[in-house]
Every structure is written in C-alpha cells, then in structure tokens.
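Trainee: For the sequence shown, this note's numbering assigns the number 1 to the initial residue and increments by one for each residue that follows.
Simulated from the structure, these hints should not be mistaken for lab results. No residue lacks a Cβ here, since even glycine has one placed at the ideal position from N, Cα and C.
Here are the simulated lysine-lysine pairs, DSSO-like style, with alpha carbons at most 27 Å apart:
hint : residue 1 : residue 2
1    : K117      : K146
2    : K117      : K209
3    : K42       : K260
Here are the simulated distance ranges between beta carbons:
hint : residue 1 : residue 2 : range
4    : E142      : R100      : 23 to 29 Å
5    : G135      : G106      : 39 to 45 Å
6    : G106      : D216      : 33 to 39 Å
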Amino acid sequence: MTDETPPGGKLPRKPRLPREISERRRLPLTDREFRDLTWAMKLPFVRVSPKNKGRADLTIRFKDDGESLVVVTVLDPQIGMATILDWDIIIFAVSVLMVRANTPGGHQVDTFNRVVKFRPNDLLATIRRAKTDGGTQINKLEGALKRLMNTHVRLQIGTDFRDERKFTLLDGYHRGQSTADELYPEWSVTVPRWVIEQILRPNKPAVRKIDPAYFDLNGKPMERVVARWAVAHRGYEPGPPHRMFAWRAFELSTMSEWRKFYPVLQDIVELNRLPDHILTLQETDRGVVLLIDVRPGHEREPKRWNKKESKDQPSTKRPDRAPRPDGLPDNIEVGDVNA
1 MTDETPPGGK LPRKPRLPRE ISERRRLPLT DREFRDLTWA MKLPFVRVSP
51 KNKGRADLTI RFKDDGESLV VVTVLDPQIG MATILDWDII IFAVSVLMVR
101 ANTPGGHQVD TFNRVVKFRP NDLLATIRRA KTDGGTQINK LEGALKRLMN
151 THVRLQIGTD FRDERKFTLL DGYHRGQSTA DELYPEWSVT VPRWVIEQIL
201 RPNKPAVRKI DPAYFDLNGK PMERVVARWA VAHRGYEPGP PHRMFAWRAF
251 ELSTMSEWRK FYPVLQDIVE LNRLPDHILT LQETDRGVVL LIDVRPGHER
301 EPKRWNKKES KDQPSTKRPD RAPRPDGLPD NIEVGDVNA
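Construct the complete structure from the given sequences, taking the supplied hints into account.
Mentor: So, in structure tokens, the structure goes:
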C-alpha cells in the first residue's frame with residue numbers, strides 16, 4: 001500500500017471527463033447560413049441506399065437529354081459509395097466556405113482556403129444527428145468521410161460529350177487526436193477545387209439556401225433527394241410549379257427498380273413533409289408528372305414516416321412499370337462549371 005492510498009485501501013476514482021455539449025456554445029452556422037451546390041442537387045452524384053459496401057456494380061450512369069453524361073464510380077468497393085446522408089458533410093463544408101467567401105477581400109479560386117476545420121460534436125449537432133454514447137457517431141462520421149473521398153465522378157458535357165471533367169466529392173480529411181491538453185481536437189476536411197469554383201462563380205455563386213429543417217427528414221433517404229430537387233429546380237421565387245416527369249425522377253434517384261421507387265415517391269408526396277415545398281403527382285397523357293411548388297407561409301404539421309392506411313380505405317394502385325414515353329423532353333438543366 002502506497003502513501004497515496006486513502007484509508008480503506010481504495011484509490012480515488014478518476015474524475016469523469018466533462019462531456020462536450022455543442023448546443024451550449026455557438027454552433028459554426030446559423031439557421032440562415034446553410035447552402036448547397038445547385039449543380040450537385042440536379043445530378044446524381046451520390047446513392048440513395050446506404051447498402052452499397054462491397055458491391056462490385058457500384059456505378060451510377062445518367063444521361064441528361066444528350067447534354068451531359070454522368071458516371072459515378074468508386075475506387076474501393078469495400079469502402080462503398082457516398083450516400084445522400086453523407087452529403088450532409090458537404091452541405092456543412094459549403095456553408096462554412098460561403099460564410100468565408102462573403103467576408104471582404106478579393107477571393108480567388110487559386111488562393112482560396114479549401115480546408116474546413118470543425119469539432120465532430122459541433123458538426124453532428126449542426127446537421128442534427130442524434131447523440132449516442134461512445135464513439136458510434138464518430139465512427140459513422142469517419143466512414144462517411146471515407147466514402148466521400150472514395151466516390152469519383154466523370155462528367156462529359158456537350159452534344160458529343162467531348163468536354164470531360166473528373167473530380168472527387170472530397171479531397172481529404174484529417175482526424176484530430178485527443179491529448180491531455182486537448183480532449184476534443186479539431187478535425188478538418190479539404191474540399192475539391194470544383195466546389196470553390198461553384199462558390200466563387202462570377203456574378204452569382206452556384207449555391208442555394210437550405211432550410212435546416214432539411215436535416216430533420218429522417219424517413220426514407222429518397223425524401224432528401226426530392227427536397228434537393230425542389231430547392232434546385234423550383235427555388236423560392238414566385239412563379240409556376242416545376243414539372244418533372246416521374247420516369248425522369250426515377251432515373252435521377254439512382255434506385256434500380258421502378259416498382260420500388262414509385263411507391264416511395266407516392267409516400268413522399270402524400271406525407272408532404274418538405275420544409276419549403278409542396279408536391280403533387282398529376283396524371284397526364286404523356287405520363288405521371290411530379291409538380292413542385294413553394295409551400296405557403298403556414299407552419300407544416302410534423303408527421304411520422306410510418307403511416308398506416310385505414311382498413312376502410314382501399315390501397316392506392318401503383319403501376320408496375322415506368323410510364324416512360326421515350327424521347328420526351330424534360331426541363332432539367334445542368335449547372336455550369338467554371339473551367
């Protein structure tokens with residue numbers, strides 16, 4: 001027994017480390033500072049399904065009416081492809097960079113700082129991820145960063161697809177290590193150059209405002225994809241609804257089967273939970289059309305995703321095949337990328 005041992009023979013318990021509660025401090029972003037890339041909202045750069053690890057066929061191919069061809073692949077199938085939930089990290093990074101870009105000074109693409117520093121708990125609280133004990137969320141965060149780095153995009157633009165551009169969704173990340181002096185170290189991510197090109201576009205940045213309620217869409221991941229379409233194509237300005245053919249939405253969704261996609265789309269329209277937009281499905285002689293319009297100023301009522309149909313109501317009939325008439329035009333525009 002040493003001299004430090006107290007009476008009774010038991011050593012004193014080590015003091016519990018204080019838990020960092022980010023909400024008690026000012027988070028990195030306010031509700032009015034969230035931004036996403038308009039260009040990336042319109043094209044399928046990420047998958048909807050998180051069940052893609054280890055698959056050998058991890059490829060997204062999308063042709064936009066002969067104007068562009070998008071091919072998304074992965075370097076390591078064991079890591080997997082980035083998902084729509086992983087994209088929350090890019091929204092966070094873009095939002096921080098937009099705040100930085102709005103500070104006085106002549107910002108240039110070549111000299112703009114592409115590194116975004118953050119503490120994991122701050123990032124998770126900002127994108128409204130649930131708290132868990134232990135390192136579960138931290139491990140999930142690092143997994144998402146690896147998938148973003150592992151996802152590569154090849155974009156070919158023009159009628160003959162001669163203008164080809166290749167890029168990643170994330171150039172790199174650094175995980176800080178805890179020390180005796182720094183219990184909650186900073187992490188950092190390095191965004192690709194093309195992201196800065198979009199933020200610093202002359203005249204007008206290629207970004208759109210995001211309602212932070214977007215992060216509360218925790219039902220089907222497809223709901224977030226539709227929410228991003230609504231912001232990118234319809235926006236918030238006065239005007240007519242945006243029209244998107246259902247078969248075009250299916251192609252953009254990255255889902256493999258129409259019979260699985262269309263029921264999900266119907267549920268999203270029926271629940272109508274998007275923060276700033278309302279959805280309607282309309283039958284036309286050219287196929288089913290998804291109408292997207294700005295939500296009126298009233299508060300939306302929160303609804304649970306696991307809805308149950310009344311036994312007295314007949315189930316909605318859903319077609320088994322996409323009502324796609326080949327060759328129909330669609331008004332999906334491709335965002336510009338500065339060379």
